[in-house]
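Let's have the full structure, built from the sequences with the hints guiding it.
Chains as they are written, first to last, in my numbering: chain A, 205 to 320; chain B, -13 to 143; chain C, 960 to 1597.
Keeping only pairs whose Cα atoms sit at most 20 Å apart, straight-line, the calculated SDA-like set for lysine to any residue is: (1) A:K228 <-> C:A1583; (2) A:K305 <-> A:I231; (3) A:K227 <-> C:L1579; (4) A:K263 <-> B:T105.
Think of the hints as simulated: they come from the structure by calculation, not from any bench.
Next come the chains, spelled out residue by residue.
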Amino acid sequence: MMIVNYVASVFLVVLGLYTIVTKKNIIKIVIGTGIVDYGINLFIVSIGFNDGGTAPIFKMSEILSGAYFVDPVPQALTLTSIVIGACVDAMALSLCIKLYKQYKTVNADEIRRLHG
Amino acid sequence: MKLKEGIREKNVVVKCGADTFLPFALVFGLCVILLGTISPGGGFQGGVIVASACLLVYLGYGYDTTSKAIKISVLEVNESLGAILYVLLACCGIVFGVRFCENVFYNCGNIGDLISAGTITFMSFSVGYKVLTGIGFLLLLLLSLLGNTDEEEEMEE
Amino acid sequence: MSYIHFPVLAVMLLFMGAFLTVVFGRHNQGVRVGICTVTSVGAFALIAALIKPVMLGGEVISYWMGNWSPVEGYAIGIGYEVDQLGLFFALLVVATVLLSAIYSIKYMENDSSLDFYYVLFQMLAGGVLGLVLTGDVFNMFIMIEIMTFSAVGLTAFRNHKWGAVEAAFKYLIIGSIGSSMVLFGVAILYAQCHTLNMAQLSSILSGNNSPATIMAFALMFTGLAVKAFIVPFHAPAADSYAAAPTSISMVFSGMVNKAGVYGMIRLVYIIFRAMDSSALQMLMVVFGCVTMFVGVTMALAQHDFKRLLAFHSISQIGYVITAAGLGTALGLTGGLFHAMNHTLFKGLLFLCAGAVLKQAGTTNLDQLGGLSKRMPKTTICFLVGAFSISGLPPFNGFASKWLIYQAAFAKAVESGKIIYAFVTVIAVIVSVMTLASFIKVTQAAFFGQLPARLNDVQEAPTLMLVPMWIMSILCVLSGIFYNVVDKYLLAPATDAAINVTNYIDTMMGGGYAAAAGVRNIAIAPAEFSYWNPILWLVLFIVVLAAAFIVMITGKSDRGEILCAETDVEDGKYATFFSGEHSLPSHVAGSDLFWGFKKDWKKYFHVIEGLHSGIVSDYALWAVAASAVIVIVMFGFMR
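Here's what the structure looks like:
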């Protein structure tokens, strides 16, 4: 059943990379970066799922050797990754604002003073 | 510009909505931060909820009122204070003779109390404080750039 | 306090410096400089105090945060593990940070909003130091992200100059693709092995290669190659090294590059231990050779001082990757030695470029010239750096490049594949072209005629000259006393990379490595074959003295006697020149190798067209190269 999640996350990553490579508006390129991050976050969260497991919140007396719960480590990894994705988007968008003020265009084909 | 004037005049409905949801955002976010060790939540999540208060004030009242109510320089300094508090709490482990980030106050309170996880509660609170001020600062900075997108910039070689 | 706390304290000290600068240093430059100096000196002292137990004593420090030791053979905590390889790179990091902090006191004095500069600088330093000291894959990813953000912020620092914000945007997009690939690889690794600790991964992944772990290896390899700026991913590096302030360019080329190289060596040699596969060796050697060649040919065509140095930086990293990809102990020793030397001589060259930029106001090679009359000390330091990078004896570039040539030939003999001998040929050709390029730069910037505009240029301030002197002395010393460097720094690091048993046992408890089937290999000490550096030093001094004597006894005004300069009417040569004044006879920087560029016109047309400056093109190269790496890994590494 989790195969749907994995297929969707790979699809999002490929869609994000396609957006970065083909779109010419720099804001669309930044959105593509965000989509790649969301796809990877979906993948990390889906890794930890155990079918039929409970939430990993226990008192010391309740942990027996047969306890079956969902893996809490990928949840922590995903939280960190979401925050990093938000910060990348914020920094990239503020650079876009600065680029618009300086070059008067948002077309990536014209923002190429450093070449060769 | 017509669009700028449209934003300046705030709608009564939007202002009422912002007024109603603002205390809810603040209190709920603080609750998520403080109860992070005994229920789902914690520093990151609660901090972002509280930081959305800045956005609510901007939507309801406009940028000028927001920048008078919430000062950017205060947020910047408080963010670093939260980070310094986190590092100092983590270094408590070294001071007490064991490893870095060790839980050194581990037997205070029973399970289910507010302060029951030792160092982890305080660390979670400092992370929440840092995220709260940090994301609020980020939002206000980006909103301040939106107001003046039509000025020229001179460049030099 | 025992020394096991020192690695974590060094990283936290740098981060605390950044936070304290925000609180106290908003308006006072003295407080900012004071905090930065205290933290850089403190981090240097803490890491240098670890040399004695780790490098000389052979001990590996394993530090579990929060004292969460492994339970029943499974690692459950985040661990910092400092072995000789990590300490080698950590020493490079803290030395670069200290010298750059001293240099930027005087270099950045005319800039505004310096509190942002110092905050980002210390975050960058802490991030890279954390990357080389950590023993946990996800922690490595976090430190990569901290490093990328700080680097992007510092590239766009002088945002009133054109090109800075554009370079930062390209760096952010391409760097973000790389970090996402590393994260994807880490996630797949966790799904397969249920652990994030490098030592435990190393013992689980030995020899069991399922398709998922091969995919994870390919993705992490690509992501770390983006950070190290190898050829299809190198275009943002050229832009951002030129656009950043020079004290930061030196940190980029000396430290941030090396973090990517360290990540690749750690991944290939220690986590996956896949260095026996000949397909992987060929892949790394091919990438390294292409990097070397493209870097140096692009550098020959540049008009800007710092962009030229940036392309040379890319080319020298190609040397390191080629040597590390050979898979032998001698190759890895050569690669690590070249990494250390690259930090020293490339940092020196960037500092000289910064002094020229600050005093003369421009880095355009067509507008500079004759600065050796006005800035003699900078010229001497630049010449030391130029001789080192070209590989002239007795400087340190020669020792490390000699070791790389020797390692490639030894590999060709040992494995029977003649193609590795071509690696040596390409490396020597690239070395010659590096020398040609630096002759061009030295002629364009330092020798030749002084334009009238630059007539009142002063020598650089002393606080900027001190790091340059320290680095040039280290260049000369590590070239002459290469045996000492090898015995105390390189041999322990190579041994730590190839013999992983000690690493695994210290982290997970004794006997773990043997149970998982990891064995030790004895490594013979590196032989540099017969060359005597003292003789070469004497020869070098004799040749230099001869050139100096020839220069002094010749006529120093040989250009002016042909001109009718002051008195146009009754100068006796005026009839030959129809009364014209003398024109400057300056050979501009871009014109020196015009014959070479004309012969290779098609190649330069193609390669300069590929460096188009559009960020989508660079992203297309990155995605295409990652696809090639994934296909090669799946096809050949079963």
